[in-house]
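Asker: Spelled out from the first residue to the last, the chains are:
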Amino acid sequence: MTATHLATIPAQRPRPAVFRAAGGFLAELSKDKAAFAGFLFLVLVVLAAVFAPLLAPHDPAAQSVLARLKPPAWTARGSAEHLLGTDMLGRDVLSRLLYGARASLLVGTSVVLLAGSFGVLLGLVSGYRGGRTDTVIMRVVDVFVAFPGLLLTLLLVAMIGPSTPTMIVVLAFSNWMIYTRLVRGIVMSMRTTPFIEAAEVLGCGPRRILQVHVLPNLVPPLLTLAILEFTNILLAEAALSFLGLGVQPPGTSWGLDIANGKNYMLLAWWPITFPGLAIALTVLSINLFANWLRVTTDPAEREKRHARGRLRLLRRKAAANG
Amino acid sequence: MTHFPGPLSAGTPASGAAPLLSVRGLAVDFDGPRKKIWGPPSKIRVLEDISFDLARGETLGLVGESGSGKSTLGRAVLRRLPIADGRIVFDGKDITHLPLAGRRALSRDIQMVFQDPYTSLNPRMKVLDLIAEPLIVHGIVESAEEARDRVAELLRLVNLPVENIDRFPHGFSGGQRQRIGIARALALRPKLIIADEPVSALDVSVRAQVVNLMQDLQAELGISYLFVAHDLSIVRHISDRIAILHRGRMVEMAGCDAIYDRPAHPYTATLLKAVPEPDPRHRRGTPTAPPPAPRIGELVMEGGACRYSKGCAKATERCRAEAPVMSRRGRDRWVACWEA
Amino acid sequence: MDDPAMTADDTAPILELRNLEVEFDTRAGTVHGLRGVSFAIRRGETLALVGESGSGKSVTASAIMGLIQLPGAVTGGEILWKGQSLLGRAGERRARRLRGREMSMVFQDPMTSLNPLMSIGSHLVEVQRRHMGLSRRAAAARGAELLDAVGITEPHRRMGQFPHELSGGMRQRVMIALAIACEPELLIADEPTTALDVTIQAQVLDLLSDLQRDMGLSILLITHDLGVVAGLCEQVAVMYAGEIVETGAADDIFDRARHPYTQGLIRSTPRLTDRSERLVSIDGAPPGLLHPPAGCAFEPRCPQSSERCRARPALAAEPGRQGAFACWNSTPSAWPEAAPGPKASFA
Chain X
56 MTATHLATIP AQRPRPAVFR AAGGFLAELS KDKAAFAGFL FLVLVVLAAV FAPLLAPHDP
116 AAQSVLARLK PPAWTARGSA EHLLGTDMLG RDVLSRLLYG ARASLLVGTS VVLLAGSFGV
176 LLGLVSGYRG GRTDTVIMRV VDVFVAFPGL LLTLLLVAMI GPSTPTMIVV LAFSNWMIYT
236 RLVRGIVMSM RTTPFIEAAE VLGCGPRRIL QVHVLPNLVP PLLTLAILEF TNILLAEAAL
296 SFLGLGVQPP GTSWGLDIAN GKNYMLLAWW PITFPGLAIA LTVLSINLFA NWLRVTTDPA
356 EREKRHARGR LRLLRRKAAA NG
Chain P
15 MTHFPGPLSA GTPASGAAPL LSVRGLAVDF DGPRKKIWGP PSKIRVLEDI SFDLARGETL
75 GLVGESGSGK STLGRAVLRR LPIADGRIVF DGKDITHLPL AGRRALSRDI QMVFQDPYTS
135 LNPRMKVLDL IAEPLIVHGI VESAEEARDR VAELLRLVNL PVENIDRFPH GFSGGQRQRI
195 GIARALALRP KLIIADEPVS ALDVSVRAQV VNLMQDLQAE LGISYLFVAH DLSIVRHISD
255 RIAILHRGRM VEMAGCDAIY DRPAHPYTAT LLKAVPEPDP RHRRGTPTAP PPAPRIGELV
315 MEGGACRYSK GCAKATERCR AEAPVMSRRG RDRWVACWEA
Chain E
129 MDDPAMTADD TAPILELRNL EVEFDTRAGT VHGLRGVSFA IRRGETLALV GESGSGKSVT
189 ASAIMGLIQL PGAVTGGEIL WKGQSLLGRA GERRARRLRG REMSMVFQDP MTSLNPLMSI
249 GSHLVEVQRR HMGLSRRAAA ARGAELLDAV GITEPHRRMG QFPHELSGGM RQRVMIALAI
309 ACEPELLIAD EPTTALDVTI QAQVLDLLSD LQRDMGLSIL LITHDLGVVA GLCEQVAVMY
369 AGEIVETGAA DDIFDRARHP YTQGLIRSTP RLTDRSERLV SIDGAPPGLL HPPAGCAFEP
429 RCPQSSERCR ARPALAAEPG RQGAFACWNS TPSAWPEAAP GPKASFA
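Protein chains in written order, with the working numbering: chain X, 56 to 377; chain P, 15 to 354; chain E, 129 to 475.
Just chain X, same shape as in the assembly (with noise of 0.2 Å):
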């Protein structure tokens, strides 16, 4: 009877789990106008970015004299050849804007990864061994911290030399302090839980704590301040490529279009215009991402925002019917 009771335990799933979450989660974003513009916006960066060869009209670094400064297309002088514009080298603008959404996502998602795994990791040790070895770390963390980052950067770069790989490494290196202290925080209150004691009782190793009690709690409040911080790494690689510091010639960054374009800033608005709306505009909706993605993945604010949603359609139809 037992066996026979348990065989019927599994839970039956009609559709895999991942689709039923894709299709939740989708669901719920297509009620937040603003965040799901900024999602639609983000995706269309990305794609840009994977089929940047396949979209682009042009070769991005190819120059051309006689296509100096080519106004965008629906200018009284622009042509349909180039969409919007050529730069003062003849490079096609729209080319260069599809590659360098490349170059933004990569040194973003990268120095994200390298930053966040390395301050996690140091976050978990520090808040969960505690005494002389969360101090040690957690004062390293305040020198890095008061080392003025920009500076720092500037100096590793100049010393090195610069690089992609180099900026990426570079921005890693001065941007994993805010993990480690998210992190440890979030640990050394969650250490005197109740249910992190239990599993002590019970013969759980620390390994095993972290792993299976700890980092699963770290996973929401993790996935917003790497979004943020995304955005942040983003405006850090533009200011580099435009000081000549991060991304070279022939690569291409939104950052290094802005600075090519700024010098003639006063006789031609596109070549610097574009890359900067690009930077501005998927900063914008990063943010207003993440910002819905905290209320979604925190219960308690999510509930509310549901009631508030109820009320709002209760009060429309009371209107409507009065």
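If you are wondering where the hints come from, they were derived from the structure by calculation, not from laboratory data.
Careful, some of the hints might be misleading.
A short, non-exhaustive set of chain P residues, derived as facing chain X with CB atoms under 7 Å [stated by the list, open to error]:
# : residue
1 : MET126
2 : ASP130
3 : ASN136
4 : ARG138
5 : GLU147
6 : PRO148
7 : HIS152
Residues from chain E that face chain X, not an exhaustive set, calculated with beta carbons under 10 Å [to be verified]:
#  : residue
8  : PHE152
9  : ASP153
10 : THR154
11 : ARG155
12 : GLN197
13 : LEU198
14 : PRO199
15 : GLY200
16 : ALA201
Over 12 Å on every C-beta distance to chain X, these chain P residues come out as not near it, computed from the model [stated by the list, open to error]:
#  : residue
17 : LYS49
18 : GLY53
19 : CYS270
20 : ASP271
21 : VAL289
22 : ALA319
23 : ARG334
24 : ALA337
25 : ARG342
Each residue gets a CB set at the ideal place from its N, CA and C atoms; glycine is no exception.
Use these hints to put chains P and E onto chain X, whose structure you have.
Answerer: Leaving out everything else, chains P and E in the frame of chain X:
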């Protein structure tokens, strides 16, 4: 400095046999503020000179108010805290000084049930994973099917429907959650369970369910309990003997009926008087003389005096000058009071 | 209270709830927190609202104080303070004026309701200045008197201390001093002693009892422990699954409860005089309020349920006795006397 000479078997049901747990002169210190910035932290003695025996299959109720050290005592026996003085012998082995590996091995024999069933279960784990966790970390089960079978068996043991195995804890009531907690503690088949106020976070109406279950399990599996409680209202039903703790010291230990019918220490009498009775005529109408309870924070921590002497109606000069030690009164009663 | 010759003025309730309904809009659906709760408190009366967690007793208190927050909302019924509604736009304005002045509240955990950065004295001064318009000096003098009244020694020294410097019982006394500072007519105490040690609990209950007698205060005590009720309250209302299942005078409830749930609660409350090995309990758990049962909510746990229990019983008065209960087949004792039999052995 131990004041319990010889074996303390008197009053235990299985007198003659070696006790499962034997504690002698136990003291525990907590870190206090540092006297110098870089100096070592000062020590605050939160448990002092605790001695008792616990037989196999016996339940000892540990009763005290906040600050009495009752939960600290439970955690000291579990060896989750450093021992400042004294000795703990469990199942014939001295466990006072154990390396980390030894302490983890000890968790197979001594388990714990926690006070708050809401926060002591990881909300992100299913019932199956919660109860299987001890079996997995101690390498007792090899396959997922085996774990599932063992968990189903444990769920039946604590009277929970096996269908619940894939649910998350938030769908359960407090009483049901506490039964999940008990199933986790039972998974390793421990010899001793330290129950740290297992029912005080539950509604009065479901406390009985949990206490009755614990009694059934004891009858079936022969477990010993250290049952920690903050008042005397429910421990009578489950305990064989009761020990009263006050500000880190044991003040009285006796058989259940002796404590309730003839409390010897004035503090025991105060605790008894404070339990609210579900009977309107019991209190109302009669002038409610405030019990001579100590105001916590106003009692002195002087080593020289009885720690209860300030709030005690019976206190004499001797009480204020010299701390009483546990001494034997009758066959199964120990009291630390000059005037009792 | 039992005197039939009382004047109408004295017996008019200061607080009355009529068929109050509170709903919580959750993503899983609508949770029916209160499903038609009615009771009244008269001047100088102490009413205990007794129930398990999730029965709606704390929701009731929050509704009276106007503290229901999203995702919850009052969706039906009335709350009347001396005959005037506290709901709706005008009612909520009225409620805001009353709160802390004519009615005040003491919570379970005094630490979370005191500002850790404000001294005890500042708390007391602030509340009196805001609600009574006293000068700082007068408020401070009266604050010390209040602390003395709630049994705090050395009130002048305590005024300068901060919440973390006081013990739990002391903090709860401060909370009570704050609650009675404006001489309210109604004090709502939500599990005021649950977080306290038993000896301190006894002192706080005695204090509430004294205040009730000396100030003519009405008290609404919210608790899950009938033992606490017995010493303090004259009237008892028992809640189960968002509704009141029995009301009556405390003596009647303890001696002759009519609802099987009340009887079960009384039986499961431990008594020191009971030396039996086994405790009695009400098996099972209350129903979820996401989909409340159509019939009697206690039916699945009831020892004497019948066909009729599929329909929801209304709270009905019993002739010749004060109070009311909601049960179709009430008997003096619904529960079998024998303790539950031994459990099936574990193979």
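Asker: Interface hint check: THR154(E), Cβ to nearest Cβ on chain X, cutoff 10 Å. Holds or violated?
Answerer: holds (6 Å)
Asker: Determine whether the non-interface label on ARG342(P) survives the test: each CB of chain X must be over 12 Å from its CB.
Answerer: ARG342(P) is indeed farther than 12 Å from all Cβ atoms of chain X, at 34 Å.
Asker: May I ask you to test the interface hint for GLY200(E) with respect to chain X, counting a Cβ-Cβ separation under 10 Å as satisfied?
Answerer: Since chain X brings a Cβ to about 8 Å from GLY200(E), closer than 10 Å, the hint holds.
Asker: Grab the minimum beta-carbon distance between LYS49(P) and chain X and tell me whether it stays above 12 Å.
Answerer: holds (19 Å)
Asker: Does the nearest C-beta of chain X fall within a distance shorter than 10 Å of the C-beta of ARG155(E)?
Answerer: Given a least distance of 5 Å, the restraint on ARG155(E) holds.
Asker: Just checking, ALA337(P) versus chain X, shortest CB gap more than 12 Å?
Answerer: holds (33 Å)
Asker: Closer than 7 Å between Cβ atoms is the bar; does ASN136(P) clear it against chain X? Give me holds or violated.
Answerer: Nearest chain X Cβ about 5 Å off; hint holds.
Asker: Tell me if the interface restraint on ARG138(P) is satisfied: Cβ within less than 7 Å of some Cβ in chain X.
Answerer: holds (5 Å)
Asker: Was the hint right that LEU198(E) lines chain X, CB cutoff 10 Å?
Answerer: holds (5 Å)
Asker: The hint names GLU147(P) as touching chain X; please verify it with the least Cβ-Cβ distance against 7 Å.
Answerer: holds (6 Å)
Asker: May I ask you to test the interface hint for PRO148(P) with respect to chain X, counting a Cβ-Cβ separation under 7 Å as satisfied?
Answerer: holds (4 Å)
Asker: Just double-check ARG334(P) for me: nearest Cβ-Cβ distance to chain X has to come out over 12 Å.
Answerer: Since the minimum Cβ distance to chain X is about 38 Å, ARG334(P) lies beyond 12 Å and the statement holds.
Every hint, counting from the list given before, is met by this structure.
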